[in-house]
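Colleague: For reference, the chains in residue letters:
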Amino acid sequence: MQQIKKSKNLTLAGNMSAKVSSSFAKFIYKRIAVGLLMMIGITFVAFAVTQVVPGDPAAVNLGQSAMSNPEIVARWRAEYGLDKPVPEQYMRYISKVLQGDLGISQHSRRPVSEDLAEYFPATIEIALVAIIFSIIIGFSLGILSAMTRDRLPDQLIRVLSLTGVSMPTFWTSLVVFYIFFFKLGWFPGTGRLDPGGDEPTHLTGLYTIDALVHGQFSIAWIALKHLALPAIVLATYTIGVLTRFTRASVLEILGNDYVRSARAKGLPEWLVIKRHVLRPALLSIITVAGVAFGGLLSGSVLVENVFSWPGLGQYAFKSAIALDLPGIMGVSIVVAGVFIIMNLIVDFLYRIIDPNLRSE
Amino acid sequence: MKMKISKGSPWRQPLALVGISILAFWIILAIFAPLIAPFDPLAQDSDALMNPNHLHWLGTDSVGRDIFSRIIYGARISLPLAILLVFLSIIVGSIIGGLAGYFGGWIDSTLMRFADIVLAFPGIILAMAVSAALGPQLRNAVLAVVLVAWPTYARLVRSLILSSKDSDYVTASRLLGSSTRRTLLVDLRPNISGSVLVLGALEAGNGLLLLSGLSFLGLGAQPPSAEWGAMVSAGANNFEKWWIGIFPGIAILTAVLAFNFIGDTLRDALDPRTAKALRN
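Protein chains in written order, with our numbering: chain A, 110 to 469; chain B, 6 to 285.
Nothing false has been slipped in among the hints.
Each computed SDA-like pair below joins lysine to any residue, with the alpha-carbon atoms no more than 20 Å apart:
hint, chain 1, residue 1, chain 2, residue 2
1, B, K170, B, S114
2, A, K334, A, V322
3, A, K292, B, L54
4, A, K427, B, G140
5, A, K292, B, N56
Counterexamples of contact, computed for chain A against chain B with all Cβ distances above 12 Å:
hint, residue
6, S132
7, V206
8, L207
9, L321
10, H385
11, L392
Below, a sample of chain B positions facing chain A; criterion: calculated Cβ distance under 10 Å:
hint, residue
12, L20
13, F126
14, I130
15, L131
16, V135
17, S136
18, L222
19, A263
20, D269
Source of the hints: derived by calculation from the structure; they are not laboratory data. Positions of the beta carbon are idealized from the N, C-alpha and C atoms, including for glycine.
If we strip away everything but chain A, and leave its shape as in the complex, we get (with noise of 0.2 Å):
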């Protein structure tokens, strides 16, 4: 909720700059340097949240044996550029990240940006699949409810939805693996794969298309089956957030006058519905949807720690408990960057759909 919440903020803003500036192009001009800036805040924050705090990541990473030979410590510092001070660090940070270095990760060795190109696909699989199921139940849901509203089905979505804002995802995902693989055995336990399985031939790192696009239709349907468990748990949260974000839309438009006149000009009720109230609503929650799926990688966090997922938020975790900075930052930022690429998108799609804001 939180995070359509942040969204909404942020396309209203846009929609506020979008009437000041005259043309579509200045419009675009001035969303994409507000949210080259906001990267950039998000790059300072990042920072000055490791900076700030007391944890010693040499003490973390390296042993307790190696931590009292003070000449392995600074060299360990000097390899990650803790020794310089502070505002250097930043400076040398950020015009590192400019180039598409986020620098070694302290706890794969690796350099964080390759380990991000690895987990990034399994975080945007699950996160993908979630939130067509978002999409496709919440709409379906909203509009039951808004069409019966106060009545018994509106009432019975009403709390249905509140329940799947209320879950708890880490328990959700234990319930349900604990039902469906260890009990009933209907789907595979955890990770992307059958254990030991072959991976598909690489092209996007999306293991279903990856697998579908080479023809390899029984690698596809076992990430498939890997995917729908933990996919489903990550949908419950936006699920009650869409379904009530499309109720209230819906019950907006059918106030209108136009939804009136259709009526009165003796419109049958199914084509009323049809075309002048599904589609301006799709529309509406289509955006929504953009915004909740920046929302749905970081919340897939929890989700990729009951699964084993290894996708950002595992790599996100790893990173925290090892005090790895450049870890978190890495995460942080390309999550936030995939967050401010979606308002954007959404408020270009505002701005080309709303008439009344391009007219402005």
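Assemble the complex: chain A is given as a structure, and chain B must be docked to it using the hints.
Modeller: Just chain B now, with coordinates in the frame of chain A:
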């Protein structure tokens, strides 16, 4: 606390009643924990990994502690912390949002850009980083959640201040010589506190989810604490013994649900303008 209520009392709505009942249930368990809990929550004096039975209603965990008793004592941790989280976030958010809305200009843009950046930050990852770096313990996890949560309140308070600071009664009070502090605290605060508390009710559940999530990851409450999230984590390590993790999770779910039922009903009962501000 003045709330503009449109239809009937929100407290009489069925959903709110359910929420209040659940919350009352947990509060009673928390207060009277020593009287109600059949066992010491930390005592390892029973057989380990016992199925739920007539003696241990919800079974025992891997070191032989009674899960039912631990869940009851867990209410003493999670509920006060959920309230504390909201309270701290409201204070931080109100100060920042209030200053931004009242003074405007560069103060406003600086503070709000900062809020935007924190909002764009992936919440749980920021909280994980802060909590891990400060040292994994419950107090630091609370700080981490507050750090992630305050901007939502700041935005709301700012928008409410902006919409009422030019009202006639505020102008009148200032013409009579009220100080800035008096204007903010005496004239403006009563008008916004209702909406802020509704947001607090809505956000209490989210805060509890994030806090127990951090504990689940081992970045919050530490063993042997009977914190609910940490207990679910013990269940994840022993997932064949379903009762270890399932029951504490139900405790979290019901508590969060109670907050959301109450918050949702209150939001609907507010006048539409404020309700819309809350939804943004």
